[in-house]
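J.: Listed below are the residues making up each chain.
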Amino acid sequence: MNLSPEQIQRYARHIMLKEIGGPGQQKLLGAKVAMIGAGGLGGPAALYLAAAGVGSIRLIDDDDVSLSNLQRQILFSSEEVGLSKVQCGEKRLTSLNPDCKVSAVNHRFAPENAAECIGDADFILDGSDSFQTRFDVNQFCHENNRTLISGAVGRWTGQVSVFKSGRPKNEDAQDKLPCYRCLTPQLPETEVSCAEIGVIGPLTGIIGARMAMETVKEITNAGQSMAGRLWIYDALSGDSRNIKLPVDPACPCCSSN
Amino acid sequence: MQLILNGSPKETEEGVTLGQFLKELGLPEKGLAVERNLEIVPKSVYDSTQLEAGDRLEVIQFVGGG
Numbered sequence: 121m122n123l124s125p126e127q128i129q130r131y132a133r134h135i136m137l138k139e140i141g142g143p144g145q146q147k148l149l150g151a152k153v154a155m156i157g158a159g160g161l162g163g164p165a166a167l168y169l170a171a172a173g174v175g176s177i178r179l180i181d182d183d184d185v186s187l188s189n190l191q192r193q194i195l196f197s198s199e200e201v202g203l204s205k206v207q208c209g210e211k212r213l214t215s216l217n218p219d220c221k222v223s224a225v226n227h228r229f230a231p232e233n234a235a236e237c238i239g240d241a242d243f244i245l246d247g248s249d250s251f252q253t254r255f256d257v258n259q260f261c262h263e264n265n266r267t268l269i270s271g272a273v274g275r276w277t278g279q280v281s282v283f284k285s286g287r288p289k290n291e292d293a294q295d296k297l298p299c300y301r302c303l304t305p306q307l308p309e310t311e312v313s314c315a316e317i318g319v320i321g322p323l324t325g326i327i328g329a330r331m332a333m334e335t336v337k338e339i340t341n342a343g344q345s346m347a348g349r350l351w352i353y354d355a356l357s358g359d360s361r362n363i364k365l366p367v368d369p370a371c372p373c374c375s376s377n
Numbered sequence: 017m018q019l020i021l022n023g024s025p026k027e028t029e030e031g032v033t034l035g036q037f038l039k040e041l042g043l044p045e046k047g048l049a050v051e052r053n054l055e056i057v058p059k060s061v062y063d064s065t066q067l068e069a070g071d072r073l074e075v076i077q078f079v080g081g082g
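As given, the protein sequences belong to chains A and B, one line each in that order. Residue 182 in the numbering used here sits at position 62 of the first sequence, with consecutive numbering throughout. Residue 41 in the numbering used here sits at position 25 of the second sequence, with consecutive numbering throughout.
Only chain A is shown next, with the shape it has when bound in the complex (with noise of 0.2 Å):
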């Protein structure tokens, strides 16, 4: 499929770049990215993905737009207060971009309504407010091969991550990369969602945009895969690194032992 003139002007500073140029393009116009959470990360990880012109996102969250949501959630307004997150979403990307096709997924992800959830979407990005809900896309990709990339945020702290679990980590290697469990193997003792210990906005867009750079980076194969690495980013010093992060030989998800 041919780029359009319009797509040629709409993606002029993509197709431009060359790790991406005209054939990363068309990629990303031909991605299928699901979305866990339509909140403070899902919100700004789609807007991003939207307008880069990926050619399909499903938004997966049951939650109503909330007034405590638009201190960081700017894929809603004020005038959507009480209405679908994932039908207001829907709304929003469509109107920034029609090359992308917006499904609105109404439910929350279960493993009993995974394969519905996700349909046949390569890319998954969890940005879930929820251990529980982590470990079940974790399980989830993990068995259905499918690439996660993974962002969480709590108070002034963020984390990134790209798991590729049980795909070696290059041609050659006898390793394989992690998963999600290999770094949290069990559920911590408390949940620590937004709404118990709080966020600070702008971080919420930091690492959305974050995840939305490491799924253009994994449809176009640009650069280097965060997969085995980890960034972890905090606003109160301002310090950010990336960590090695390996396989968990007892990891109760991916090992095979």
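Just so you know, the hints here were simulated from the structure itself, not pulled from any lab data. Because the structure is a prediction, the values reported are computed rather than measured. Beta carbons are placed, not taken as given, at the ideal position from N, Cα and C, and that holds for glycine.
Not the full set, but computed from the structure, chain B residues with beta-carbon under 10 Å of chain A:
#	residue
1	A49
2	E51
3	I56
4	E74
5	G82
Here the structure of chain A is known, so what remains is to put chain B in place on it, guided by the hints.
T.: This is chain B only, laid out in the frame that chain A set:
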């Protein structure tokens, strides 16, 4: 021997494992990850990971919000 824990020097005995060191600190087992010299140490190998002088350790609290 001296380690660097969350950016500050910390004295501990020679030959201590990461598992023993964390017990000394009295940290909870769940909800934390430990980074040693810019690499996460999987929880299952804490007791077989022998610390060395000069190791830089960071205790990372998981965040799970969205």
